[in-house]
Each structure stands twice: as structure tokens, then as C-alpha cells.
Amino acid sequence: MVIQILLLSGLVLFSILAILLKDLLKAALSLAVASLFLGIIFFRLGAPYAGVFEISVVAGLITVLFALTVALTRKDSEVQEARLTKLVFPLFFVIFLIIDGLVMKGLLQQVPALPAGPETGTFGEVLWKARTFDLVAQLGVILAGVLAVLALFRKKEEDKDE
Amino acid sequence: MVFSFIFLPLVIAACLPLIGKISKKVIPDVLTNATLGFLLINSILLIKPIFSRGSLLQNINWFGENVNLQIALDGFNLFMLFTISLVSLCITLFSIDYLKHYGHQANFYALLLVMVAGMNGLVLVPDLFSVYLFLEVAAVASYALVAFGLGPEELEASFKYLMLSVVASAFVLLSITVIFGLTGSLSFQAVARGLQDLNAGPVLGVCLAFFIMGFGLKAALVPFHAWLPDAHPSAPAPISAMLSGLLIKVSGVYALFRIVYSVVGMTPALSRVLMAMGAISIVVAALLALGHNDIKRMLAYSSISQVGYIILGLAIGTPLGIAGGLFHLFNHAVAKGLLFLNSGSIQHITGTRNLNELGGLGKKVPITAGTNLVGALSIAGVPPLAGFWSKLIIIIALVQANHFGYALVAILASILTLWYYLLIQRKAFFGPLNDRWQQIKEAPFWMNAANIILALLCLLVGIFFSPIFKTWIAPAADALARGVQQVLMWGI
Numbered sequence: 470m471v472i473q474i475l476l477l478s479g480l481v482l483f484s485i486l487a488i489l490l491k492d493l494l495k496a497a498l499s500l501a502v503a504s505l506f507l508g509i510i511f512f513r514l515g516a517p518y519a520g521v522f523e524i525s526v527v528a529g530l531i532t533v534l535f536a537l538t539v540a541l542t543r544k545d546s547e548v549q550e551a552r553l554t555k556l557v558f559p560l561f562f563v564i565f566l567i568i569d570g571l572v573m574k575g576l577l578q579q580v581p582a583l584p585a586g587p588e589t590g591t592f593g594e595v596l597w598k599a600r601t602f603d604l605v606a607q608l609g610v611i612l613a614g615v616l617a618v619l620a621l622f623r624k625k626e627e628d629k630d631e
Numbered sequence: 061m062v063f064s065f066i067f068l069p070l071v072i073a074a075c076l077p078l079i080g081k082i083s084k085k086v087i088p089d090v091l092t093n094a095t096l097g098f099l100l101i102n103s104i105l106l107i108k109p110i111f112s113r114g115s116l117l118q119n120i121n122w123f124g125e126n127v128n129l130q131i132a133l134d135g136f137n138l139f140m141l142f143t144i145s146l147v148s149l150c151i152t153l154f155s156i157d158y159l160k161h162y163g164h165q166a167n168f169y170a171l172l173l174v175m176v177a178g179m180n181g182l183v184l185v186p187d188l189f190s191v192y193l194f195l196e197v198a199a200v201a202s203y204a205l206v207a208f209g210l211g212p213e214e215l216e217a218s219f220k221y222l223m224l225s226v227v228a229s230a231f232v233l234l235s236i237t238v239i240f241g242l243t244g245s246l247s248f249q250a251v252a253r254g255l256q257d258l259n260a261g262p263v264l265g266v267c268l269a270f271f272i273m274g275f276g277l278k279a280a281l282v283p284f285h286a287w288l289p290d291a292h293p294s295a296p297a298p299i300s301a302m303l304s305g306l307l308i309k310v311s312g313v314y315a316l317f318r319i320v321y322s323v324v325g326m327t328p329a330l331s332r333v334l335m336a337m338g339a340i341s342i343v344v345a346a347l348l349a350l351g352h353n354d355i356k357r358m359l360a361y362s363s364i365s366q367v368g369y370i371i372l373g374l375a376i377g378t379p380l381g382i383a384g385g386l387f388h389l390f391n392h393a394v395a396k397g398l399l400f401l402n403s404g405s406i407q408h409i410t411g412t413r414n415l416n417e418l419g420g421l422g423k424k425v426p427i428t429a430g431t432n433l434v435g436a437l438s439i440a441g442v443p444p445l446a447g448f449w450s451k452l453i454i455i456i457a458l459v460q461a462n463h464f465g466y467a468l469v470a471i472l473a474s475i476l477t478l479w480y481y482l483l484i485q486r487k488a489f490f491g492p493l494n495d496r497w498q499q500i501k502e503a504p505f506w507m508n509a510a511n512i513i514l515a516l517l518c519l520l521v522g523i524f525f526s527p528i529f530k531t532w533i534a535p536a537a538d539a540l541a542r543g544v545q546q547v548l549m550w551g552i
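Chains A and B are the protein sequences, given in the same order.
According to our numbering, the stretch in the first sequence is residues 470 to 631, in order.
According to our numbering, the stretch in the second sequence is residues 61 to 552, in order.
Chain B with its partners taken away, still in its complex shape (with noise of 0.2 Å):
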């Protein structure tokens, strides 16, 4: 059943272009709602047996012969999984009427449940190799799709984002290459276990530095962002919300804190400078951000700022901050890919994203308009809403440790968040109506649907966020909490 999550959305995409020659619209869309459907189902199944036992290894044989593959699936990556699925869902949900813009569903499903098998497998292997394998899966999947309108900017901000993303892609090979020369395995209990036992703190020093560089590049943290407000802009809405609700997380963040906490081990040292590079994340590109009369590139840049949010969290070390790191990346998760999504709403309907040529339409598309409020508040943190919660987690967390100075400047921050998310409310949805937006309606179904759900999200989660704090985001903190002896563990 684990193995699905690599194999099924492999297969599918496969077969996509093919199934496209038949049906091009209904099968399509139908096969890659199931697909993704299947896979929530699948990650909410695995919740009990996962956190009933801790972990679990598994390797399959290949019609009777041995072969290695292997996985292991821990409260950290299952949570992981399951926010990849449920964004994703909504994501094909809201592409089954926005796809009419562009058409060729079939070759942009495929692209799309590649990055997502991409991203599935990153989460899922325990080998250094593998794990720069599926991020390649899932980058190569990412520039084709950033370039799918195939217009000049499309093309332009594709080119930029594999230069950089390749460039990120060399300095964590670079690092595997010395870590595999160090201890002569790949696998993450085999190199955590061989670290242990080495005195190679220089060398070690390097390959985190090249790990920090690689993985912040992915993540696109302060200063290494300048891919992140092109690419993001430029691919079509439901893909920004792709890359900005998972890609960034998956192949930035995970990946980095799973190999620090997990592999390395988390030190004084390696907590203060993340915290750092966080800190300064969030400040400068919120500044950033204010400064934009473009809505996806507003966006772009509050992505930016709210990894450096948990980033902070998850170097903190502390099982809160980390719980607080964890909570924040599903929240931004879900309210990021609601105001992308929304932003192609916004397009759909008007034919522009400029924040200058818009105003009052709240009156005329409340769906949209009252969603995005949602998802802008919850980013902001703003109560009830969930984004809220895992922010107040991640200062309290900050003070609990005594960084008070990093406590004022999240605080400070989300100050200037809500700023700029009330700018985006102000100009595009209140005031006077423009009389070129007498006559428009509101966004198709489907996109309206996708948006509700995930406002939706944004709201229980902060309401219930007792209850799904304590069952759901501890458990995965803990695995991450638990450092070294997690990987251990892992089979035993």
C-alpha cells in the first residue's frame, strides 16, 4: 500500500498521453482526481497502524526476487504524504475548469502526478542517492510545468529556475558524494550510524554548508530566493500553488531537516544559523513583497517569508518549535495553495492579476472574494484561523528557548504579513467597483469548489486545532524530535 504512492501516480502519467488520444477532457481529469483521491485515502488509513507503532520498513520482492526496494515511513514523512495528497486533490479539483484556458489536460495531468511521484518518493526512500533522484523527478516535472503556457515570460522564468534549481541539485550531490566517501553507505540508518562513530566534524561542517545551500535554494530562503518570485508568477495558478504549497516544503524542507535531525543530528551551531537564515527570510521578503502591484508575485514573496517562519520553527530544536515548524508547513500548505489558486480565480474572471486594475470586486464574485479573505487572515495569523495557532506555537517556542529577539521579529513580521494581505484585500475586493468589471461572474465551478475546501481547511484546522495539534502534529514532531535514534530505530 505504501508503495502506491510512488508507483500508482507513475503508472497513471504513463498512460495519461495515451488516454488523452481517446477522451481529452473527462477521463483525464476523472483518472487524476481518483489517483490522488486513492492517496489521501491511503495516508489517512496509514495514520493509526504509523502512530500505533513508530515506524515501519518495508521492502517489496519483484515477482519473488529480492530486490531493494525500500521504504520507511515515520510520523514526520506520513504527515508529509498526507499534506502532498490533500493539496494536491484540491489542486486537480480546481484544474478541471481552469485547464480550458490551456488545454491539453492529459500532458499537464501526467506532468503534474510526475512531480507528485517525485515528491511521494523524496518523502518515502531512507538513501541519500535516491533522495536527490526524486528531487530531480520532481524538479524536471516542475520546469516543464512552469513553462506550460509556453510564452516568452513562462519560458524565461522555466530557463532561470532550472539554471538555479540545477545548480542547487550539484551542491547536495557534492555533499552526498563526501558523506558516501566518509562512511561508504548511502542508506540513512547506515551513514547516521557511520557518523556516529567518526570524528569528521570540518568535513561534516562542509557538507552541511553544501546541504544548507542546496536544499535553501529549493526552498528558495534569503539569499538564495531570486528563482522564486519569477517561477512561481509565471506557471499557470495551479501549479504556483504546487510549488509554492508543496514543492519548496518537499525538496527544500523536509529534505534539509530530515537529513539534519535525522541524519547528522541537530547541533547548537547548525540551530543558530537556520534560525538565522529563517529570521532573515521572513523579514526581507515581506518587505519584499510590499512593493508588488502583481497578486502571484505579492504571493511569491510571502511564500518566502512564511518558510523562513518555518524554518525558524523547526531549528529551534525543541519538540514545540518543531511541532510549531510542522503545523506552520501544513497550514501555509493549504492557505498558499487557496491563494494561488484563488489568484487564477482572479485571472480567470478578470483577464488580469494587477492589483491597480482591479477594486470592489467582492460585490460581484463573493465566493472568491470571501475565500481569499480567509486564506489572506489565516497566512497573516489572524484568530481563529490556523495559521494563527502555529504561529503562536512558534513564538512561544522561541520564547520557551530564550530567543526573545527571534520572538519579536516573527511577531514584528506577521505584522507586515497582515499589511500586505490587507493591501492585496483593499485594492482588488473593496472600494468602488471599475466599470470594466460590471458584467463578470463568478469563477466555474470546480475552481470555486477547490477554493472552499481548502478555506474550509484553513478554518476547522484553526478551530479544532486542539484536537489536531495533539493527535496529528505532535506524533510527527516527536519522529523528527526524536533525532538520530529515529533512524535507528527504524525496522527494529
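For reference, chain A alone in the conformation it holds in the complex (with noise of 0.2 Å):
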């Protein structure tokens, strides 16, 4: 129950950073820590498949291509965050943890348990063991990102120079 909990703050914690912030890398990234957290609750409610496909999808590729994208289209490294998201993000994480506090126990308790899904196993063996050519194929989406940035940041880098 405690994990749950801490899963679920997780979860919203990160989805409202990614909202809240505005350098979109660092929005980005926290929407890819979110979806981490919910690729967990989906694995610890029965469903790993589930789990394993928001976890390769949305916290691996979407996010690369996420960064690549921000990569190419901003300009300036540094972003002023906002000072009213300084202020306003603690005070919302500290109303929704005590909101969480109250209510989710006794709600989670309410909630009838979840039938076992079609696949079993561990995580592990999820993604290593059934689903492996899915990291294969991550590795070259990544590599692809990766190497996107490269060939096309080298221009900007020779007319700085110049």
C-alpha cells in the first residue's frame, strides 16, 4: 500500500512538473519519469504488458523524440522558469500529498481486485524474456536520435566558429 502511494505521488508529482515547467527538455523528461511511474502501476496491477509498452513507448521513445525535437528547435540553452511555478508547484504537491493521505486508503480499499491478466511474469521477464526485439528496436530508435542530433547540429557549431 505504502509503494502504491508513493508510486501514485510519483506519478502526479512528475505530470504536473511536466505542465508546469517551462524549459520543454525538463518538461519532457518529467513526462517520461511519469510515465515510468505509471508503466510500474500498471505492472503491480496485473497487466505487464501494459506496463512494458508505456514504459518502451511513452518513457523511451516518445521521449527521445521529445528531446530531439527540443533539441533542434531551441535556442537558447538556459530558460527563466516562471516565479509563480516556483511558488505554485510546492503548494500543489503539498495539498495533493495530504489529499492523498486522507482519501487514497480508504478509496484503494473500495477498489475490487483486478482478475490476472492473459500474461504472467515477473517484469524482467517481460521485457527480456517475451518482448526483446522491442529493446532491440529502442536501442536503434535511440541510436537514431542520438544520431540525429549529431548530423544535424554540425552546421550551427562551423558558423559559430566562422
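I should point out that these hints are in silico values taken from the structure, not numbers from a laboratory.
Each hint should be verified, as a subset may be incorrect.
Said to hold, decoys possible - List of simulated lysine-lysine pairs, DSBU-like, C-alpha gap at most 30 Å:
no.: 1; chain 1: B; residue 1: 160; chain 2: B; residue 2: 501
no.: 2; chain 1: B; residue 1: 501; chain 2: B; residue 2: 487
no.: 3; chain 1: A; residue 1: 491; chain 2: B; residue 2: 220
no.: 4; chain 1: B; residue 1: 108; chain 2: B; residue 2: 530
no.: 5; chain 1: B; residue 1: 220; chain 2: A; residue 2: 495
no.: 6; chain 1: B; residue 1: 530; chain 2: B; residue 2: 160
Unchecked claim - Computed beta-carbon distance windows for the label pairs:
no.: 7; chain 1: A; residue 1: 598; chain 2: B; residue 2: 259; range: 47 to 55 Å
no.: 8; chain 1: B; residue 1: 259; chain 2: A; residue 2: 540; range: 24 to 32 Å
no.: 9; chain 1: A; residue 1: 495; chain 2: B; residue 2: 498; range: 31 to 39 Å
no.: 10; chain 1: A; residue 1: 608; chain 2: B; residue 2: 117; range: 17 to 25 Å
no.: 11; chain 1: A; residue 1: 488; chain 2: B; residue 2: 259; range: 39 to 47 Å
no.: 12; chain 1: B; residue 1: 444; chain 2: A; residue 2: 608; range: 30 to 38 Å
no.: 13; chain 1: B; residue 1: 261; chain 2: A; residue 2: 598; range: 30 to 38 Å
no.: 14; chain 1: B; residue 1: 163; chain 2: A; residue 2: 495; range: 50 to 58 Å
no.: 15; chain 1: A; residue 1: 474; chain 2: B; residue 2: 548; range: 44 to 52 Å
no.: 16; chain 1: A; residue 1: 608; chain 2: B; residue 2: 336; range: 37 to 45 Å
no.: 17; chain 1: A; residue 1: 598; chain 2: B; residue 2: 114; range: 52 to 60 Å
no.: 18; chain 1: B; residue 1: 283; chain 2: A; residue 2: 608; range: 32 to 40 Å
no.: 19; chain 1: B; residue 1: 505; chain 2: A; residue 2: 608; range: 47 to 55 Å
As the list claims (entries may be wrong) - Footprint (simulated), chain A over chain B, 3 or more residues, beta carbon under 8 Å:
no.: 20; region: 64-77
no.: 21; region: 164-170
no.: 22; region: 180-193
no.: 23; region: 206-218
In this text, all values refer to a predicted model and were calculated from it rather than measured experimentally.
Ideal Cβ placement from N, Cα and C applies to all residues, glycine included.
Using the hints, put the two chains back together into the complex; each one sits in its own frame.
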């Protein structure tokens, strides 16, 4: 139960961060972390395939695409976060934790247990033994993203030298 | 050996940026061409065992650990692997001299190899979700390669391509999700078996509609074609050749027809929809090609039109129609690869692709002009070149299946195709030589070599069409024509 609440807190925390942060790269990374929490929650609720796909596609693949796009579009690396964001976020988080602490325990006890899904096994087994090729493909996507950034930033650096 | 089609290009691609620090040009050139040469030989060596056994299901262990790295190979995907390796090798040979324009060969080759690995992976994996992932591997590399020149036009085209491609991927993923929900599985075999037992007509119809939209966008079928005439001309010539020659066929045509024939099963209604889309693409794109003066833009519209022929052939559903479609897929990959590389030669020689500024180049650059003529006539369907036979087979298959209207469309559009290709010939290579081009010289050695190899292929495949068709194309088509049974037989 404690782990579940921590995971849900993490999910909400990083989801809010993804919305509030002005630096797009940080926002994309926050979304990835939120997705990681969601994937673990899926897994714990007896849907390991959904968990694996959530982590691999949203936390892995889509984050690379976001990071790539952000790297290609932004001109300045420094982004000033709004003061309001800095103030609102901790307040938001504290309110969330209070509501969570008061409500969640009772709420979770009312949720009926889910029937076991068709797929079984630990996270590692599903990812490594059942979906191994997906890992290879994701490595391919990440490699393509890294190479794309290397290739598309080359001239800008040369222009700067000139 | 079969796994090398995916892993070897990925490993070399990962090493190339580091190698590029040591040797900027020679080692990246040699390594990339050697890799693709090895894959080509590998695909040739697999022909005999695959055609004698019918199919191959292979699993590898990871240091003794049993992991799910499974590939399935039959006549259809071996045919695709061979086409990918062959055309990619010619493109990288051309790039040896062409990339002097751009520099940064190591990065370029690395991205190109990732794209090849993505296409090979897509062709080999027997799993819907892995197909989606490898689709993305090839796509992400191609976005960067389209923008490789870094000009505003390239970046805009790349962005447009990225946006529409993401929409396509979303449709594909949505459909995969629904199929997973229906069958509880993602592997081709299990899904094919699951769908046979299910009576899920309407839901499956929606899934197929999403697949057609997704893969239709990837293949640039009309009305999903808007991105292609911008993306393909903007890319460097070798990448235009990769995109038009290979990527739209692998990530659009191959993926769609592998799923339609081998997983879901072709139905008369689906056949009618796909044939109609193919015919519309043939006519609309051929008419759109006529109004342009940029060679590469004309070639891009021509690609949409020729993909229409491939779809029309494959969608008939008869073994002859499928064979015709596959044969045209190969011929178009070779000829369009040649024509895009050739347009790169023209741009390298003159600095322009505008047909109104060219003229009389044939006297000054006979190799470029001659190879362009061979590619153009092959695509237009002039005998005895390869494109003539594939179009003829498609038309015969249409007549045999009593689709006389479509046969007429295919013949008339072929005349239209010949018209706009002759227009390119007349404006660029014939007529009086413009004074601006008095001092021009032929393209460098490797650019000409790649053009000549591809032109010879158009010619030789046309001349030796009968043995090639019987020993190579027909077994590949049979693998597809067996439909769902082919997938259910894998590994048996």
C-alpha cells in the first residue's frame, strides 16, 4: 500500500512538473519519469504488457523524439522558470499529499481486486524474455535520435566558428 | 546469419561517429559499402535454403539465456531484404563522391545504416508491435536525413514529413492495440490463429481502415500523399533515392500487405478498396507530375503513381497479380533509385534541377543522359526494359481477373508516364545546348558507377525477365498468395 501511494504520488508529481516547467527538455523528461511510474503501476496491477509498452513507448521512444525535437528547435539553453511556477508547485504538491494521505487508503480498499491478466511473469521476464526485439528496436530509435542530433547540429557549430 | 541484417548495420552505425573522428572519409566510405555488400551477399546466399524449405523461423540465445529474439523468413521478406541491400549498396556507392557537397560522411552513413537496420527489422520480425517499433527506427533516421542539408526548405520538409508520419504511426499503433485486445497476442502466428477463431468482422474492419490510413500515409497513397512531394525532393539525392526507392515500399507497401495477406487474410471487399486507391494514385499523381519543372518533384509524383501500380497489382489477390506487383516493386526500386541518383548527378554537374534552365546536356554528359534515359523508359514501361514486363504482368492479371476498367486505367496512365518522362528527356538532355553548360564535365567516377549499375539492372532484368521471374519473383509471390496459411506454417 505504501509503495502504491508513493508511486501514485510520483506519477502526479511528475505529471504536474511536465505541465508547469517552461524548459521543454525538463518537461519532456518529467513526462518520461511520470510514464515510468505509470508503467510500474500497470505492472503491479497485473498488466505487465501494458507496463512494458508504457515504459518502452512513452518513457523511451517518445521521450527521445521530444528531446530530439526540443534540441532542434530551441535557441537558448537557459530558460527562466516563472516565479509563479516555483511558488505554486510546492504548494500544489503539499495539497496533493494531504488529500492523498486522507483519501487514498480508504479509496483503494473499495477497489475490487483485478482478475489476473493473460500474461504472467515479472517485469524483467516480460521485457527480456518476451519482448526482447522491442528492446533492440528501442536502442535503434535512441541511436537514430542521437545520430540525428549529431548530424543536424554540425553546421550551427561551424557557423559559430566562422 | 539472418540476424546480421539487423544487428550489423546497427553496430556499425554506432561505431561510425567515433570512426569519423579518426578518418573523416575513407574508412566510413569503405565500412558502409562493405557492410551493405556483405548484407547483399548474405541475402543471395539465403535464396536456395529459403526457396527449398519454404520458410525459416529462427530464435537466438543471448549467452545461453533464452530470449525472444525471433525472426521469420520466407520468399516474400527475403525478396524485400535483397531489394533493400541491393539498392542501398548502389546508393552508398553514389554517396562516396556525392557527399563531398555536404561533408560529415560518418554521421550521414550512420543514419543511413540505422534506416537500413530499421527496414530490415521491419521486414524480418513476426510481431505486430515490433513491426511498429522498427517502423519508427527507420522513420526517425529518415527525418534527420531529409533535413541533412540544414537549409530552410529541408527543415520545413522534414518537419512536415515528421508530423504526417507521426499521424501514420498513431493509426498503426491504435490498430495494433485493438488487435491485441481482440486476440490477446501480438505475434503474427497467434494473431492469425486468433482472428480465424473470432467473429470480429466490424471491429476488424475498423482496424484494417486504420492500417490502410497509417501504412497508406507511409506509402504516400493518394489521398495521403501530401508530404512526399516536399520531403523527397528536399533531401540529398541519395536519401531521395532511399525514400522513394525503398522506404515507402518497406514501411508502407510491405507492412500493409504482410498484415493484410498473412495475418488478417485478404477479402474481396478489402481487395476492391485497395485496388481503387491504387488506381486513383496512379492517375492523380501522374497528372500532378506534369505541371512541374523541378526534376526531383516530378520524380516524387511519379513515385506516388508507381506505388499505385504496385498496390493495384498486389491487391488483385491472384498469384499473377501479386507477382506483378512484387516485380514492379523491385523494378521501381531500381529505376527510381537510379533516377533520383541521376538527378543528384545533374545537380552536381549544373547546380540546378530546374528543367527550364537545362537543355542539350546529352552531348556533354552522355553517361548521365544515357542512364537517365534507361531509368525513365523502364519506369514508363517501354520494352525490353524491366518496367515493361512488370506493368504487362499487372495488366494481364487485371484482365484475367475481369477488371477491364482498371486494366485500361493502367495502360492509359502508362502513356501519361511516358509523356512526362520524355518531357524530362527533351528539356534536360536534348535540344540546343545552353551557353551556361559549355564547360560542364561528367559526374565523378562513383556517381557514374552507381548510375551505370542500376541502369544495367533495368536492362538485364528486362532481357532475362523470364528466368528471373520464375526463379525469384514467383516463389516470393507464392509466399504471399498462400495468405494466412503461410504464417501458420512458419516454424513447422
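Subject >> Hint check, failures only >> reply: When the structure is compared with the hints, numbers 6, 7, 8, 9, 12, 14, 17 and 19 turn out to be violated.
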